[in-house]
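K.L.:
Can you make the complete structure from the sequences, with help from the hints?
Residues per chain, in single letters:
Number of protein chains: 4
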Amino acid sequence: MNPAPKTAAPRAALNPLNHIPAQILCAQDYEFLARQFIAGPSYAYIAGGSEHDITAEANLRAFAEGCVQPRLLCDVRDAHTRLNLAGLDLPHPLLLAPVAFQKLVHPAGELETARAAAAMQSVLAVSTLASQPLESVASVPGVYAWFQLYFQPDRAVTLDLLQRASAAGYRAILLTLDASIQVPSFRAHRAGFVMPEHCRPENLAGYPAVTASQPATGESRIFQGVMRHAPRWDDLAWLQAQTDLPIWVKGVLHPDDAVALRERGVSGLVVSNHGGRTLDGAPASLSVLPAIRKAEGDDYPVMLDSGIRSGMDVFKAIALGADAVMIGRLQVYALAVAGALGVAHMLKLLREELEICMAMSGCANLQAVRQTRLFPSPIE
Amino acid sequence: MNPAPKTAAPRAALNPLNHIPAQILCAQDYEFLARQFIAGPSYAYIAGGSEHDITAEANLRAFAEGCVQPRLLCDVRDAHTRLNLAGLDLPHPLLLAPVAFQKLVHPAGELETARAAAAMQSVLAVSTLASQPLESVASVPGVYAWFQLYFQPDRAVTLDLLQRASAAGYRAILLTLDASIQVPSFRAHRAGFVMPEHCRPENLAGYPAVTASQPATGESRIFQGVMRHAPRWDDLAWLQAQTDLPIWVKGVLHPDDAVALRERGVSGLVVSNHGGRTLDGAPASLSVLPAIRKAEGDDYPVMLDSGIRSGMDVFKAIALGADAVMIGRLQVYALAVAGALGVAHMLKLLREELEICMAMSGCANLQAVRQTRLFPSPIE
Amino acid sequence: MNPAPKTAAPRAALNPLNHIPAQILCAQDYEFLARQFIAGPSYAYIAGGSEHDITAEANLRAFAEGCVQPRLLCDVRDAHTRLNLAGLDLPHPLLLAPVAFQKLVHPAGELETARAAAAMQSVLAVSTLASQPLESVASVPGVYAWFQLYFQPDRAVTLDLLQRASAAGYRAILLTLDASIQVPSFRAHRAGFVMPEHCRPENLAGYPAVTASQPATGESRIFQGVMRHAPRWDDLAWLQAQTDLPIWVKGVLHPDDAVALRERGVSGLVVSNHGGRTLDGAPASLSVLPAIRKAEGDDYPVMLDSGIRSGMDVFKAIALGADAVMIGRLQVYALAVAGALGVAHMLKLLREELEICMAMSGCANLQAVRQTRLFPSPIE
Amino acid sequence: MNPAPKTAAPRAALNPLNHIPAQILCAQDYEFLARQFIAGPSYAYIAGGSEHDITAEANLRAFAEGCVQPRLLCDVRDAHTRLNLAGLDLPHPLLLAPVAFQKLVHPAGELETARAAAAMQSVLAVSTLASQPLESVASVPGVYAWFQLYFQPDRAVTLDLLQRASAAGYRAILLTLDASIQVPSFRAHRAGFVMPEHCRPENLAGYPAVTASQPATGESRIFQGVMRHAPRWDDLAWLQAQTDLPIWVKGVLHPDDAVALRERGVSGLVVSNHGGRTLDGAPASLSVLPAIRKAEGDDYPVMLDSGIRSGMDVFKAIALGADAVMIGRLQVYALAVAGALGVAHMLKLLREELEICMAMSGCANLQAVRQTRLFPSPIE
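Protein chains in written order, with the working numbering: chain A, 8 to 387; chain B, 8 to 387; chain C, 8 to 387; chain D, 8 to 387.
No lab work stands behind these hints, which were simulated from the structure alone.
Please read these numbers as outputs of a predicted model, since none were measured by experiment.
Treat the hints loosely; a few may be bogus.
To be verified - Covered by chain C, according to a simulated footprint, are these stretches of chain D (three or more residues, beta-carbon under 8 Å):
1) 32-44
2) 226-234
3) 250-261
4) 356-365
Ideal Cβ placement from N, Cα and C applies to all residues, glycine included.
P.N.:
Right, here's the structure in full:
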């Protein structure tokens, strides 16, 4: 037994529990407890958004608007949280978002997360920048995984990643498009964070190093430098031609992009600002969700990530237009505290919190949640 | 004489005063003073809402919106606070809300509250979970009481409670419908609160223990577990068939529920979120009141509870659509400080505060308050 | 010379300066500096509003809304702050509000204020509850004074006050109608304030003591007690019949009252909530001003008091509909710091601050200020 | 090497670095770091606005409204920040605002700033109140400068300044019209700031001292004193007749003034409240920009200053109607930290921050930024 004392200093060495700590009352408690299980600079890196955390904080604040209005005397004995997401039957709408470098908080990293995903029948999105090889993660028994893809500067590398993912049994490609430019976290920087040696992008280990292209004199380091390698619409078309796997796109914040992606045959979207980790000053994911749902119509698959901390947050996201949500930071916090057990427990808590909201607001299924209006409704 | 020193530490042993303390200037002062008369964990349990106190705090904030606009030169020499509530003549619109386990703050618990109710001609709602038997409370001389009913898992038990209440002289059933799921208070939990041995639900003492039904594998602990015993519309119909007593429903937050309850013959409603003690994230009671009043029309009996701390709050609740209000936490605080004397004094202060608002805004009766618009009006 | 050290503790004995302190940069600085010249409990009494100071604080916050939009290249060489207020030519729109018991902060009390009023050609309103006799105040050379009247329980006393004021040369009656009920200041009470012996209502000294009427059993202490003596419309009519002096009414907060008073021949109004000292929870004076001006039309005399701390506040009050303003608390603070000199200096600073606003926004006179719209305009 | 320790006390002697400090991550970091390079009273003078800093703070807050909505898959390989500003081709929209007395923070003062302007191809506006002679500043190799003009009490002096500026090669006159009255900064005053001996208005050194005109008795020190020398429309017409240089006007906050200036042939405007240093209580520059742009039409040159701290702020200013922006305080902070190198580095950071916003929102040029709507849009 190894109880986590409430006042422990942050630990330098990772030492996750092998049991569920008694002080966890709700899913968000993993966020608070994780401070005791993650070294300070690493915690700053994980918790921080880009630059000043403006968008990271806006993500949380957005969920404070709108209330869930309880209903009385409803019959929810046959209620459930099942959904069909683009043809896939799921027991609940809680997917695990792609998170890079999970060895930062747990010695087994992504393998533990995969075990939790399998236990909870949760779709797992594995990052291109995972600290465990994509093949190892996919081989965890019972896991149902999607591969999160970043376009690589060299199309051959991108293609190889795609083929490896397909060969390893990944069921879909989750293409992240909002991170063409790496924007630093000032919070992580001030905390002195540097990625430790043992956290490497294992999936990219075998590929030749890319020489960053240098802009010519008078050219912009951004426009003619970094952005030269940023994905464009023709890259998406190329990718679609290389694979039969469904392709989802993550990082959508504008209705016009949402419409264009749907029209080009993308399987579904994740409305996301990368947890506030790309453009600091971008709107909260939840804030743009209603307009995107409206632009896409009721039936197109749309998920939300960024800012979910409770089952009520999940309820609100669905009420405002999401079919399902992806869980990022809570996943990392739970992983740090208690490995696979923690992640599974966190998902179970989130699900029950969602079920309580549904039961008390008389929603017998997620379709009913989708038709619920928050009070006062932010959409109108 | 036993004055309460201003800086006293919270007391472990209950020691209510037998006089009104000099430092009480307004009804809300009982809230502040009660910290010296209630043990810390118990205070956390009483003051706290469910989970993060979001709704409990929203209840208070809602009363900060809208101002009472003074009027000049009005004749209020014949003014009064009388009302007819569903046929019942009352001298003022301040009812005592059902509060469980009152022995937690006073050795005589509900008996003291009943004495105050009798003294102030205030309707007393006695909780199913009272720590004194319902028969004892009803036998306090001069008391006019309603019985607050929770549906029990076994209809026979519910029926027996109903018959006992009727036999003991209760005048109405106040059916609480918003608490199908017990949501814990994180504040109380963090404070280490556990209900003391001597606080028992005396009314339920004689009934067989109920075995909680266990959901089957793959079923939800919420939907197929807890909610299996939650009341449904047919339970209400069944209850109505068992008694001739008027039935009021407490816990209404949605206009559609309000309409349905009226159409089914319920005598009146209490708009309430249980003082923020059920679904954390539900709207403030006051915020949903105008829409409910509008849905019910002007004449249907509607009360409000949750958040009242002053006579001006009472004024605002009535101006926004309530016929009367129920007082919960202030009742407990006053009980803790000075027993029946405290509760009666608190009611007297509330009433005078209401009268001052009426006098200064030129309202000679509660009907005039109902027709008053707050500035700026939150309804329009 | 007796400079006020910045960190001095509050003084028990009044010791106003006989010069203008160097650290005063703007009119509001008298508010801050006065803490060093007024005993703590007295300061709490003066600064506090009724009960929780909700309205007192709202008065200040209301002035933070709306900006003054500068204009360029305007010719203001002939600009001035003159006005004609109900037939009276004034050099500036800054009147001195009635403030009771001024000996609380200065040994000579109202006599000093009168000297400042004379020096600055400011109309002085002398309180029924002045701590100097109304005759003495009126005899200060050069003073132009109005008599602030509270209706007395006995009409004979009211009439006598009226006749004394007329005989002493007061030019108008300023009838305060918003204080039928004395609402205590919790701040003053907590600070232990009691009115000192030497602060007496000198004007009422000679009249027989009034026995407060006691409500009968079952009657309300408010409605059948205090309010029995509150003024009503027929009292106003009676008063109008007793005097040829113009009658102004102070304490108007509702457009319907404003219209009724105008229709009954009252000479002008003061929109006021008594500096937040009557009904706590009433709206800010400034907030109700636009609707009252709209109800009265452009030409009826309307003043504002409550919350003025700067010349920009004066500008905003006029832009929102006031013809002039009354200065209450700043008058007391300046009196405490430096007697007549302080009050005169405070008025001079306010006037220059107003002139700066006018000059920078291109307003050559107060009529132009009245036609200015704030940005963003709170009226529309 | 001379690294700036993080906890250093403010320095009395100026000691700018001759390298770029490592801790600068973004342009705004110069603001924070500058506290270590500027004496406390001087910092208060520079950072403070007039009086209570209300407008100075509003300038910053205004930029917190509205989000930049990222776009996906855009091709920005040919993107740039070039613009044509009233016929002048510029590589970026970042101009250096006129700032007086730059020797206050750097021994070489304006000469250093001019070197940075030349290096970054940034238009430099040199203040009438520069602490280096206008001729010296203009002679810095490669500089492209405008002369900021304050009307002088004596037209002959104004004319001489104009002719000197023309002779020295200044390309335009930037006429500041919002500072007819000097409003003190209470923050600077409380900090004990006095302008040091070595900071003199060198450009005015050779002219005869002006005797301030004294208002007659009964006249206003403001209207008949200070404002007697304030510029008026005929002064503008006179000025236009004296020079062929383009004349821009700085300090516009009202659409009617903007229209009038355009109609009189002024070449362009700077929407500005002087960084909050003139009328305290004036609106934020950004807040009035949309209405001014709307009044002027799409093509008239309009710049914004006051409140810019980041490239995202620049993006927002352009999206709300500006063609370009002027940088004031950041210029001074960077000058204090590292002289010309600091100012150039600050401009480079701002430009890259702007480019990142453009790249991530899919804007290939400033015209596209102008057509972007912020989320949620403050204009509609």
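K.L.:
Give a verdict on every hint.
P.N.:
Hint check results:
{"no.": "1", "hint": "32-44", "in the structure": "violated (count 0)"}
{"no.": "2", "hint": "226-234", "in the structure": "holds (count 7)"}
{"no.": "3", "hint": "250-261", "in the structure": "holds (count 5)"}
{"no.": "4", "hint": "356-365", "in the structure": "violated (count 0)"}
Hint check: violations occur at hints 1, 4; the rest are consistent with the structure.
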